[in-house]
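Given chain A, put chain B in place with the hints provided.
The lines below spell out each chain.
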Amino acid sequence: MKTERVSDQTAKKYTRRSWLAFLGFFAAGGAGFAGWKWLQRQPLDGGIRGGIRQPLRDGLTASENVFTRFFNKARLVKEYPKTEAVPKPRVNGNVGLDPDLFEVADWKLNVTKADGKTLEVSLDELKGLPKTEIVFNFKCIEGWSQVQHWGGVRFAEFAQHYGLAKEVALPYVGMSTPDEEYYVGIDTASALHPQTLLAYEMSGQPLTDLRHGAPLRLIIPVKYGVKNLKRIGTVFFSEEKPADYWAERGYDYYIGL
Amino acid sequence: MPTKIIHKHRLATRWMHWLNFPLLTILIWSGLLIYWANDVYELRLGNLVLFRFFPEWFYKALDVPYRLGEGMAYHFVFMWAFMLNGLLYVLYTVFSGEWRYLVPGKGALRDSWHVVLHDLGLRKELPPQAKYNAAQQVAYSSIILMGLGSVLTGFAIYKPVQLGWLTAALGGYEAARAEHFVLTIGYVLFFVIHLAQVVRAGWNNFRGMVAGFEIVREGEPQPTQQTQES
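As they're listed, the protein sequences go chains A and B.
According to the numbering used here, the first sequence is numbered sequentially starting from 7.
According to the numbering used here, the second sequence is numbered sequentially starting from 14.
Derived from the structure by calculation, the hints contain no laboratory data.
Check each hint, because a few of them may be wrong.
[Unchecked claim] Covered by chain A, according to a simulated footprint, are these stretches of chain B (three or more residues, beta-carbon under 8 Å):
(1) 76 to 90
(2) 99 to 109
(3) 117 to 130
(4) 154 to 165
(5) 172 to 178
(6) 215 to 225
[Stated by the list, open to error] So the derived list for chain A, only partly shown, Cβ under 10 Å to chain B, looks like this:
(7) S69
(8) W252
(9) G262
Idealized CB from N, CA, C, for every residue including glycine.
Isolated chain A, as found in the complex (with noise of 0.2 Å):
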């Protein structure tokens, strides 16, 4: 620490010094205030309630394509034994579940391939492809967890047994619930993950209860539950970002864990 002394007309000079610096100091605040009021006054991205200020979105953007550039495939999601699963894993979240415009009975998995023709494939034919079972944490955007087990075929088996190798090439994957209220979209190296699952399974029994997406759900581990889609009706692959349900009410797109 320096310290010197100074003539009185040395040290008028840093009182006015002093002044000056008061006022730079003022001023850096005054803008950094008016910076935020510009990002208040920015338009939301995609004009629609609950989104995000455009800045912040494009800022969200950039991330994504640090994130999705060293996500390593390899990383696996930290597994449990069956014991410490919950019996009973959490509701959260009835979009595009009305139970009363549903037929299990009727349903089948819609596959949109490339040539435009759709796959439709019935729960006994994905139940006949090989059974995976994890046991991890479940993690909601909302901040809690839990354990939990499910049971389905990998998304990556499913799309080789089904030759979808020219639609897996493609970087995203969109789903719907059958009546398009409740869709996702998933960049398609998550969706590879081999601990990615079309579940119909849970807690070692057939999936059966409708608020948790039965007759077949998407489990995402490497993703916040709002990308586990309950009740899949469709299942598309694009070039483009699908449309994301929660993304376009201002959540991160990529969500990634």
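For chain B alone, coordinates are given in the frame of chain A:
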């Protein structure tokens, strides 16, 4: 009458110090918007709940409810600025040699206890000091470590799969979230004491953090050496 100019804080230090104020305000506020969506923490003594984080009136007063998406957007954008500022500060402090004033030396814990006693009016003399007294050294070094802690616990809950080793090292996903929260409460407590000490230390000390120097007329008591404390 000669005047003493004490050159105290460098320009870079001042900028990085003050940038923390808006950045941390935004991060704590947006963190609150996120926390609200699963506000499970409380202080309890056995079965007795002493304090719930947070009461309804608190949320209402700050317009917190139902803004999770907004909170995440601000948090996950402004966190980069906070981290960059912190990183630059640490690099600058190391390479400029300023760390010598900051890092507590031998006997700093005993000395800082004496500073606390002095500030509470229970002890007359302050231990000898340079730019910062021992209590300041301990507090300012801790707050930098806390910043690092917030970054690490933050990443542990932000990318618990890709950075699974980090999450595990911090005691797991739920533990890391709680640690992230506790550190934030720590900042707020730090801020309250910091502010009180700045007010106590007075004008010249505050000028030091804005203009970089203190102006002391000879013959007057010297705030830096005697009571300066912020």
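Do the hints match the structure? See the list:
no.: 1; hint: 76 to 90; verdict: holds (count 8)
no.: 2; hint: 99 to 109; verdict: violated (count 0)
no.: 3; hint: 117 to 130; verdict: violated (count 0)
no.: 4; hint: 154 to 165; verdict: violated (count 0)
no.: 5; hint: 172 to 178; verdict: holds (count 5)
no.: 6; hint: 215 to 225; verdict: holds (count 4)
no.: 7; hint: S69; verdict: holds (7 Å)
no.: 8; hint: W252; verdict: holds (7 Å)
no.: 9; hint: G262; verdict: holds (7 Å)
The structure is inconsistent with the numbered hints 2, 3 and 4, although it conforms to all the rest.
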